[in-house]
Structure formats: C-alpha cells, structure tokens
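Enquirer: Protein chains in written order, with our numbering: chain A, 1 to 268; chain B, 1 to 263; chain C, 1 to 428.
Derived by calculation from the structure, the hints in this document are not laboratory data.
Cβ coordinates follow ideal geometry from the N, Cα and C atoms, glycine included.
Treat the hints with care, since some could be wrong.
[Unchecked claim] The calculated label-pair distances, taken between Cβ atoms and stated as ranges, are:
hint: 1; chain 1: C; residue 1: K385; chain 2: A; residue 2: K52; range: 45 to 51 Å
hint: 2; chain 1: A; residue 1: L19; chain 2: B; residue 2: D70; range: 56 to 62 Å
hint: 3; chain 1: C; residue 1: R345; chain 2: B; residue 2: P224; range: 58 to 64 Å
hint: 4; chain 1: C; residue 1: K292; chain 2: A; residue 2: L19; range: 40 to 46 Å
hint: 5; chain 1: A; residue 1: L35; chain 2: C; residue 2: G354; range: 50 to 56 Å
[Said to hold, decoys possible] Restricting the straight-line Cα-Cα distance to at most 25 Å, the calculated cross-link-like pairs of lysine to aspartate or glutamate (DMTMM-like) are:
hint: 6; chain 1: B; residue 1: K71; chain 2: B; residue 2: D7
hint: 7; chain 1: B; residue 1: K22; chain 2: C; residue 2: E408
hint: 8; chain 1: C; residue 1: K318; chain 2: C; residue 2: E355
hint: 9; chain 1: A; residue 1: K198; chain 2: B; residue 2: D92
hint: 10; chain 1: C; residue 1: K165; chain 2: C; residue 2: D145
hint: 11; chain 1: C; residue 1: K39; chain 2: C; residue 2: D145
hint: 12; chain 1: B; residue 1: K67; chain 2: B; residue 2: D137
hint: 13; chain 1: B; residue 1: K120; chain 2: B; residue 2: D90
hint: 14; chain 1: C; residue 1: K292; chain 2: B; residue 2: E247
hint: 15; chain 1: C; residue 1: K40; chain 2: A; residue 2: E45
hint: 16; chain 1: C; residue 1: K292; chain 2: C; residue 2: E396
hint: 17; chain 1: B; residue 1: K67; chain 2: C; residue 2: E393
hint: 18; chain 1: A; residue 1: K253; chain 2: B; residue 2: D137
hint: 19; chain 1: A; residue 1: K52; chain 2: B; residue 2: E247
hint: 20; chain 1: C; residue 1: K168; chain 2: C; residue 2: E97
hint: 21; chain 1: A; residue 1: K49; chain 2: C; residue 2: D228
hint: 22; chain 1: C; residue 1: K94; chain 2: B; residue 2: D137
hint: 23; chain 1: A; residue 1: K254; chain 2: B; residue 2: D92
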Amino acid sequence: MVGDAISHAVLPGIVIAFLLTNTRDSFEMIIGAALLGIFCTFLIEFFHKRAKLQTDAAIGVTFTWLFALGVILISVFAGQVDLDQECVLYGEIAYVPIDLWITDSGQNMGPRALYIASLTLILIILFIRVGFKQLYLTTFDPAFAATTGVSVALWNYLLMGSVSMTTVAAFDSVGAILVVALLVGPAATAYLLTDNFKKMMLITALIAIIISILGYYLAVLLDGSIAGAVVTVAGLLFALAYLFSPSQGLLTKKFQRKQINELSPDAS
Amino acid sequence: MKIEAKDPVVEFHDLTVSYDRKPVLWNIDMTLPQGALIGIIGPNGAGKSTLIKSAMGLLPLGSGYVKMFDKPLDKVRHKVSYVPQRETVDWDFPTSVLDVVLMGRYAKLGLLTRPRKADKEMAMNCLRKVGMETYIDRQISQLSGGQQQRVFLARALAQEADLYFMDEPFAGVDAATEAAILAIMQEMTAKGKTVIVVHHDLQSAAEFFDWIVLLNMRLVASGPIDKVFNNEMLQETYGGKLTVLAEIGELVRKRQIPSREKY
Amino acid sequence: METFKEFFSFSDPSIVAVVVGAVLLTASSAVVGTFTFLKKKALVGDAVAHSVLPGICLAFILSGTKNPVWMIIGAFITGWLSLVIIDHITTKSKIKEDTAIALILSVFFGIGILMLTNIQHSGNAAQTGLDSFLFGKAAALVGKDLIVFGAVAVILIVTVALFFKELKLIAFDSNYAKAMGIPVKWLDLLLTSLTVLAVVTGIQAVGVVLMAAMLITPAAAARFWTNDVFKMTLIAAIMGGISGLSGAYVSYVAPAMPTGPWIVMIISVIAIVSFFIAPKRGIFSRSLQQRKLQRLIMDENLLKELYHLGEKDRDPYKGRTVAEIIEERFFPKKPLKAALRRLKRQGFLKEKTGEWSYTEVGKQKGQRVVKLHRLWELYLSKYMKIAPDHVHEDAETIEHIITPELEETLERMLEYPEFDPHEEKIPY
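With the rest of the complex left out, here is chain A (with noise of 0.2 Å):
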C-alpha cells in the first residue's frame, strides 16, 4: 500500500520539476520526485509519531494531499506545463512515440521514454543483483536481519527509492494509479504460481512481459488507453492463476478435493 502512495506522492515533486527547468527532461524529474517519494514517508511517520494518527489514516491523508497538490498545480500552469490531468491518471503510452530524442547535431535517436524506461530497468536489476541477501532478509525476517548487523531502515529506503524511481518512469506511459497495478499484479500472480522466490521474480518479469503485448492488442481491438488496457490485462492472468493455480488455485483445490472424497468414498 505505501507503493501507492508513493506514486501518488510523487505527482507535485515532478510538476514543480517542470516548473523550474521547463524541460521534460527526465533527470530533474527523477529528483523532484525521489524528494517528494521520501517526503511523503517522512510524513506518514511524522504523523503516525509525532501527532498518533493511526497509520491508515496517516497514509490516506498524506498521498491524497499531495496528489491534489499536483493536480492544483498542474491546472494552475496548464499553460506553462505539458501535462494534464488525464496524462496523469491514466498516461498516454500512444504519444510515446512522439516524443522524439533529437540530438544537438539533429540526430534522432528515437522515442525518449525508451532511454529512460530502459536506464530504469537497468538501475533496478543493478540493485536487485547488488542488494539481493539484504533485500530478502529484511523483507523476510527483519528482526533477524537486524541481529546480523544489516540495517533494516535503510534497505526499506532503498526499496521504497527504487519504487520512486519506477513510478517516475512509467508515469508518462501509464499515470500515476495504473502504475500500482504494474507493481503488485504480476507479482502477486507470481506469488501464487510458485514457491520460490527466484522462480517468483523471474515469473514476475515474464508476466510483465505477457501482459503489455496482450494489453496492446486489447488496446487497439477496443480502441482504448493501452496502459487501462495493459492493467486489465493484469487483473485477466490474476484472476487465472488465483483460480487454477497447480497448487493455490481456488478451483483446483475445489477439485483436488471431490477427487479425493471420490477416491475414499467413507470419508465425508
């Protein structure tokens, strides 16, 4: 859930971004919303201590804030900032493809979300292959990890950054609230599929894979928003596997069962 608020948090750190620089460049949005990303949790903790709000609360009241922050901005300076309203709920992978890199000597080097959704894929699989004990200690037993000198807070930073970092990278494509589904379903459709977690991440990536290909064609077959389409998509493969999972499926357990009671037919 913090995932979700963050993406929603970092909305006026990457106005005010533009703002400032005019540009659409993406390293000072990177900034403006990695400040905004760690603001957002510092006051979530701010008011869960400091003031004893209960933590739902604080999250709700702290991303709902500053998301309506954004959107004050961004239609206060419709004129001066290139985006709107609607690019921000739902992003519009379509005029991807517009947005051209051009060199100073002319030369074009093709769609500009391409560099940086790729520098972000790398960044992450970088710090996965870097930080991989620590992140799945801290994220499986952090009392444990804490007695073994590993800091607990300090990973949980990290992660939260590279979810910043995420949300930033996909938000001219698919917005701000889609985006959370891009981080949670096809890990969850994973988690139910497998045991393992390497296998859990690798599946993950797969589905991601799976889901934007099929999300497109849906896309041009309803003549919709790719990335709603890419989301529904992900919310299809979910529904399959929390149904006819080998091991967890609601179905197959249902199945598994009367085969079972057919087998052994005293047993009720």
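Please build the complex by placing chains B and C on the supplied structure of chain A, with the hints as guidance.
Expert: Okay, now just chains B and C, sitting in the frame of chain A:
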C-alpha cells in the same frame, strides 16, 4: 539471590527497558557464564523476550548497557546469534528450507557475493544436525511447527556463533523435536558455546538448564540451577505482581516522563 | 472580490443549489467516513472509490445516458464487487490485505479507464462530461442530478443517525457486540453499503481519484478535537461541509479548475492544522506538555537541592546564592535563574540580595521530593533486591511521579522507615 558468573560472556549492567515509555524491565544487573545452557524463566509479561531483544539491540535501552565478550554488541555481532519467536515471520514467504538456513551465512558474505558451495555444504550440515536434510526444497509453510523451529535452529547453527539467544524455541513443538533441540543445545554447550533460552515451562526447566535466570519485571535470581531453583525463589518470581512497580510504570507512560533527566 | 460577494450572497438560485448539493455530498461522506476511520479501514474507502469507475462507465454504455440513477446503480455494483473480491482474496489465499486492496483498486480503475477511453473514442455525443467523474465538478450539479444525489446523501445521514449506537459499538469492539447478540454481520454489511453509497455520491463533488480523502481526512481531523464519537461525527461533517462549500466556490469562479483537488486541498489543510494546534492531542500541545513537565522536574529538583543544602548545615531556611546551588548540583545558569524566579512567583521561595531561601510551603515541597526519592530507593533495594549503589538513578526519575496514594502505599509497605539504604534520614 544473585550469583555472579566467574568469567562472564554476557554482562547486563543496570538495564532498564521501556515499551512506549512504560518501563517493563527494571535495573537488570547480572553476569552469565560461558559454556552453559541458561534458561530465562518467569510468568507471562515478566519481560523475558524483552530482555533478550534489548540485548540484541532490537529495542532501545532506557538506561544501562549490555556487554558480550566484554565488548558492545556491534563489535562482536559475528559471534552472536539470535533465534526469534516462530510467529514473528511470515511463513507464507516464497522461500525454501535451504534458503532460510543459508540466510545464516549472509552476514559472512559481502554485498555482491552469492552463497558458495562451501556455504551450501555448511547449511546442509546444519540441516542434518537438526534432522531436516530431506526437506531442503520444501516451501516453509508446508512444515509443522516443530519442523519450522528446527529450521530456525539450523539457521542459527549456520552462523557459527559462540553465543546464542533463543526466544521460546520449545514453544508449540512436538516431543521428538523438543528432545532433538535439547540434544543439540547440550552438544553446543559441551563445545564451550553459550546458549540463552527464554522458556516458560517450569516443569521441564528443571531438567533442561544448568543456569537459571528468574525474572519478573526485575531480576529475582540468577545462578546455577541447584542454588536458585528452589521453592522460595519461585514463590518470589510467581507469587503475585509488584503492584507498585506496575502502577509507577503506568504513570510514567501516561505522563510521558523522559526516562533520563536533562541535567 | 466581486465574484466572492456574488457567490456568498447566494442571490442566484443556481448557486444555492450547487452549494447545498456540494455541502450535502461532502458532509455525508465525512459522516460515513468517521466509522470507516474508527474501524481502521480507511484504505478500503480508497479501493471502493477507484472501483466505482467501471460501474459508471458500464451504466453509461448500457443505458446510453448520463441518468444519475443508472450511474449510482452501476457504481454501487462494482464498488460492492471490489470489496467482496478483496475480502475473498484475503481470506481464501495467502495474499495479504494491503496487496489485495492495491491490486483490486488499480485493476478496477484500469478497466474503468479502458471503458472510458473506449466511450470517448466512440464519438457518442452524450459522453461529454463523463470524465468529470474523475476529478469531480460540483458546479455541474444541477436539476435532476442534484435531487438524486442530494436524496442519497440525506438517506446516508439519516441511516447513520438511526444506527448510531450500534455502529459505534461494532467499530469499538465487534466481538463483544457479537456476544451481546447484536447482528454484527448485518451491521458490517450496512456499513459497507453506506461506504459504497457515500463514495458513489461523493465522487460527483470530489471525483473518483481523491474520494478516499473525503472519507478519511475529515474523520482524522475531527479525531483531534474530541474523544466523543457523536461530537467527532458532527465535527467531521462540518469540516467536510466547509471543504464542499469552498469546492463549489472554486468551481464557480474557475470553471476550468477541477473541483476535487481543491476540496481535498482545503480539507487536508484543515486536518494538518488540526494535527498541530488541536488541544491535548495536537503536536504543539503535546510538546507544550513536555515543556511543562521539564519545568516541573526542574523546579522539584531545585527545591530538593535546597533541602540537601539545609540538611548539611541544619538550617533549611538559610539563604543560598546561585553559586552555592550550582556547587551542590550542576544546573545550567539560565534555566536555573528562570526556575528560581518562577518558584518565587509561585510562593515557594523568597529572594534577598541575591540569596534565595525557602518559604514554609517551599520547604514542605522540597522535603517531600527528598522523602519520595529515599522511599523509592528503599523500595528498590528491599523489594527488588537491587544493590544500594544502583538505586539512585532510578529514584531521580520516580521521585517526580509518585502520587500521594502511592506515597501512602510505599510508606505502609516499608513500615514508615527511618532511613534509606544509604543511611540517610527519611524526612516526614
């Protein structure tokens, strides 16, 4: 009654620990001996888990300090291992028995390095010791309570520490596991390692431990089992709460008194 | 300024309609939100809010109109469905609640966006304005819409009023309520339906995206002003109403502006200000209490040290200079002088040519602190078997908090002792 250990591995000095400012442990001051199987005993809410959590730096200390091997914890972390209570982790986590035990090796590995073959062999050895070697690929939610506890013990063994803190390792385990865990602990102490165990069953405590710490918000007794494990001491530990202490604790919390004064 | 007067004179009947509508919508969500807040289910409201979007779109696709009745029915169905699914996933699989909420929220919203964009691209002329559900548009609230949404808002408030007692009980302790024979399941169902309905109506003013704030924020703000559920509900409703009113105003003066974010901005500012300035629970008030406490401790310590000085030369009423006091125990000079002046004002000390001495009450108070200190030291060593050289530190803190009742208990338990563990006399 308090008996000091001869050459102590752990020293608690005037330790006071608070939860949300309410003191739950008052002035714990004791030393514990090397190579002993030590039981921390006391009624519910006596602060047993709090004591070892604060020793491991998981809770902020109100005042006082804990030293291990005559040094602060940060200097000797590699020699100290902690086994949390079983319920504190999410057993649905997508991980296998072997992976959990390998976590015990992480502290010895750097950032980038993966567990090597030697680490895996080491982990396998530990699993063999606790009798779980046939379960290495099992997802941890599919284990029984006793088996989960054995896996936790194997992870601690894989750390190759000299001092072990274990929070209720005998809680909710079957008789076979209990015997197996006890045998391993005895083997460890025979090798000169020190094992400190939070335990709530008086009956078995008499058989398990060689050194007993009796706790009820304050230290009632600490010493070799034959000296302190008697009716009088148990009466003092279990016989009624210190209402004054509890009331003061409540007042401290309500009025948000700073635990130490500014000047 | 002109528009301000124009708006708040309410001379234009359409303004009155918009204002009444916006206030009703926001206030009714705040009322329902109070209970979701108390049940610690604030984020569930967020899930419902996002999940109504596909329902609205579906209602439009099926009916072909923006008839509010259809919209409410559609939104109600998908909002409800999302909660059922979240509940199902959490209980039937190993997936945790927060993951389920995040997933369902975003997937439903994604489906909604897909439908919405599909409708927009279909070129159906009736669809214009459908996207105002995203960010809300209070000014669009006219005619039939106003009557329908207003009616729902009134129903919400009346229902909460009718079941107030029961809702309060299940929010506080649902197991106890169940044991008492109150139909908890039915009431939970009622509260869920109310939440969904509140969302459905509220989105007209605030929009889908920020609707969660209308449930959570007024309740969170109100919580800081009272400890009474009824008053809290009332305050939340008023705060919600104020933000709704301002939203209507923004919508009136700047029609291009999305209303929702402004309403949320205003209620958030109200809430954040409340977090700081509310009496008792607010951050300022808390730190003020801390400061007061620090001062009290300082005062008591000072009186105690004067008593110690008096013990030494057997003259408790003798005047002492600042230097003498600092020699007995170190205090930084500035707070020390402030404390001396404070104690003089309160009648505990007298001052004569730079020398400070006890009044009668001052001596009484100093003596009591010393007594409590030594009683506690004795208690620690006698009942907790703590060595006499380890008890002083603790007593330094505890001496300031022992109540007269505890003092009496201690005296009785220790049988009115004469000396503390350091052989110092306990003064009575």
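Enquirer: It remains to establish, for every hint, whether it holds in the given structure.
Expert: Hint check results:
no.	hint	result
1	C:K385 <-> A:K52: 45 to 51 Å	violated, 37 Å
2	A:L19 <-> B:D70: 56 to 62 Å	holds, 59 Å
3	C:R345 <-> B:P224: 58 to 64 Å	holds, 60 Å
4	C:K292 <-> A:L19: 40 to 46 Å	holds, 44 Å
5	A:L35 <-> C:G354: 50 to 56 Å	holds, 54 Å
6	B:K71 <-> B:D7	holds, 14 Å
7	B:K22 <-> C:E408	holds, 22 Å
8	C:K318 <-> C:E355	holds, 9 Å
9	A:K198 <-> B:D92	holds, 15 Å
10	C:K165 <-> C:D145	violated, 32 Å
11	C:K39 <-> C:D145	violated, 31 Å
12	B:K67 <-> B:D137	violated, 39 Å
13	B:K120 <-> B:D90	holds, 23 Å
14	C:K292 <-> B:E247	holds, 22 Å
15	C:K40 <-> A:E45	holds, 17 Å
16	C:K292 <-> C:E396	holds, 18 Å
17	B:K67 <-> C:E393	holds, 20 Å
18	A:K253 <-> B:D137	holds, 22 Å
19	A:K52 <-> B:E247	holds, 23 Å
20	C:K168 <-> C:E97	holds, 24 Å
21	A:K49 <-> C:D228	holds, 22 Å
22	C:K94 <-> B:D137	holds, 19 Å
23	A:K254 <-> B:D92	holds, 20 Å
Going down the numbered hints, you'll see the structure goes against 1, 10, 11, 12, while the others check out.
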